[in-house]
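First to last, the sequence lines map onto chains A and B.
Under this note's numbering, residues 3 to 319 are what the first sequence spells out, in order.
Under this note's numbering, residues 4 to 285 are what the second sequence spells out, in order.
Just so you know, these hints were derived from the structure itself, not from any lab.
These numbers were taken from a predicted model, which means no experiment stands behind them.
Positions of the beta carbon are idealized from the N, C-alpha and C atoms, including for glycine.
It is possible that part of the hints are untrue.
Partner residues are not named here, just some residues of chain A that face chain B (Cβ under 8 Å, in silico) [claimed, not checked]:
| # | residue |
| --- | --- |
| 1 | Val59 |
| 2 | Gly68 |
| 3 | Ala71 |
| 4 | Gly76 |
| 5 | Ser104 |
| 6 | Gly133 |
| 7 | Met137 |
| 8 | Phe288 |
| 9 | Gly292 |
| 10 | Gln296 |
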Amino acid sequence: MKKYTYTEKKDTRSGFGAGLSELGKTNQNVVALCADLTGSLKMDAFQKEHPERFFQVGIAEANMMGIAAGLTIGGKIPFTGTFANFSTGRVYDQIRQSIAYSDKNVKICASHAGLTLGEDGATHQILEDIGLMKMLPNMVVINPCDYNQTKAATMAIAKHHGPVYLRFGRPAVPNFTDANQNFEIGKAVMLTEGTDVTIIATGHLVWKAIEAGEKLAEKGISAEIINIHTIKPLDEEAILKSLAKTKCVVTAEEHQMNGGLGDSVAQLLGRKMPFPQEFVAVNDSFGESGTPDQLMTKYGLDTINIIEAAERVIKRK
Amino acid sequence: MANTVELKKLCTQVRRDIVRMVHAVSSGHPGGSLGCVEYLVALYGAIMEHHPNAFSMDGKNEDLFFLSNGHISPVFYSVLAHNGYFPVSELSTFRKLNTRLQGHPTTHEGLPGVRVASGSLGQGMSVAIGAALAKKLNNDNRTVYSLHGDGELQEGQIWEAAMYASANKVDNYIATVDYNGRQIDGDVDHVLSLGNLKAKFEAFGWTVLENHKGNDIEEVIASLNTAKTYLGKGKPVIILMKTEMGQGVDYMMGTHKWHGSAPNDEQLKKALDQLPVTLGDY
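Just chain A, same shape as in the assembly (with noise of 0.2 Å):
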C-alpha cells in the first residue's frame, strides 16, 4: 500500500494565491476581482505585482460578477475572490444569466468553503455551494485537497475556455501532492489500490480518506482511494471502473449531502452501476461557531466516520 507523507500543513487558500500570482506573469489576459477580501484570499501578492490588473470592487458581490462578464469581452480571463457563501448562493442569479448562460469566461474562486470556516458560524459556513454550481448547464466544478494541488488547478483553469467554480479553504491541511502536478480539470486521481471498498473524497476530506485507508488496512480491510477534484465533469470512467473491483463505495466531502460530490457518485451507480454508497458528510443541518476539528467532529466528517461508513457498506454487498 502506497504510503502519503507530507512536511507541513498549508491553506489551500494560498495554494490560489501563489497560483494567481504564476498566472499574473505569465498570461497577460489575467486579471483579478476582489469583494473586500484580498488578504483572505491570499490575492495581494497579484495585487501588488499587477494593481492595473486588479479589481477592487468593494463589498458588492452581484456588481463583481457582472464586471467580471463584462471583463471577459475584450478578452480578459477573470478570476473572482471572495467567500464561497459570497460567491455562489449571494449572487446565483447574476452567474447564472451573465456567466454561465452567457458562456463568458470566468473563473468563480471561492475560499472558506464548508465548516473548517470554524469560528465564524454557519453564516458564512456554506455547505451547499457545490451543489448551487454543479446544476449550472456548463459550469466546471472544481475542489481541490491541498496546497499544491489548488496552485495547479488555478493555473490549469485559465487554459480552460469557459466558467469554473474552485473552491478552498481556511484551514492548514496536510500537503501532500506534488508540486509539480499536471492537473488535469475532469480527471481523478487514484492515490491508493485496493479491493475491498473504493473511498470517493474530494477537497479537505482526501487526507481523511488517506488516514481512513491506513486503518482500514491495519484491519485487514484493503480500501481503493481516489481524489476526486473535479466534480464537474465528474469523470465517471475511473468511478466505473473501481466500482467494478470493489463493488461499493463511500464518499466523503465537506458538504450538504444533498447536492454534493456523494450525490453525482450515486446518480452515476443508479444508472450504470447500482452498488451500495455511504455518505460522508454534512446531513441536512447548518454549521456552527467552534474550531474547524471540533466541527469537522461534530458533525461527522473525521477520519473515524469514513472508517465506519467502510465497514457499514462492505456489510451491504
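For chain A, the structure is supplied; the task is to place chain B on it using the hints.
Chain B only, in chain A's frame:
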C-alpha cells in the same frame, strides 16, 4: 451614416416589426419596445461605430451596446436585423422553438449583435462597466453604451454598479434610462418611487443629462452627441430619457397595460393602420 429622414422611416418599420412579432406568438413586451425605438435606431444608425458584418464577441475597436432591460427584445432584434447583424426575415422566428431570437436576448444561440444575456433585471450596468474596463486595459478608445428600464432601477445591483463606476472613473461609458414611468404593476411612482432620479445619480457621482423627448429622433441623437462630449472627463455619463410606453400605437400609450401583453388580430390591424409600411415587412 443615415440621415434622419431615413432613420424615421426605419423607426416606423421597426414599430411594425415589434407589433407583428409579439402578435405572431401572442407574447412579448410591445410597450417598452415601442418607447425605445428612436433610441436604438439612433444609436445603431447615427451614433455607434460598429461592425454588423464582422460580429465578434470581443468587439475590439468598436462601440458596444448592452441591453439591460432584456424584455424589450423585439425592438433590439428588429434594429439589429435592419442594421445587418442577421437577416430581417429571421424576425419571424421570434420566441418560437429553436430560434436564435429567444424571448429575452442571449448569446447562447449565437445571435450576432448580442454580447450578454439579459432579462433578469439589474445586471447590465455591471456588465457594461466590465466591458468598459476591458476597453481601457486594451487601449481601445471606443465607447460602451447601455439601456435600462426605469423600473429596473429598483434592483440593488444597479446602485452597486453606479457607485463603482464613479469611484473608478469609468468615463468611457454612457448609460441611458428609459424613463417612461411605468412598469408591470402600474406607475413606477406607485409601485416604488425612484424619487429624484437626477439627484440620485448626481449624488452617485455621475454626469446626468436629461432628454424630455426620447421619442424624437433628432433630440435623441442630440442627447447622445452631447453625452459623448462628456467622455474621458473622469465621470460616467447617464441620460434620463423620457419616453412614452407604447409610442406610435394610440391604444398602447398612456397605460402600463401593454408592458407585457400582445395584441390580438383585431388590435394588430388597428396598430398597423397607424404604422404605414416604409421599408417592407419581414
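Hint check, failures only: 6, 7, 8, 9 and 10
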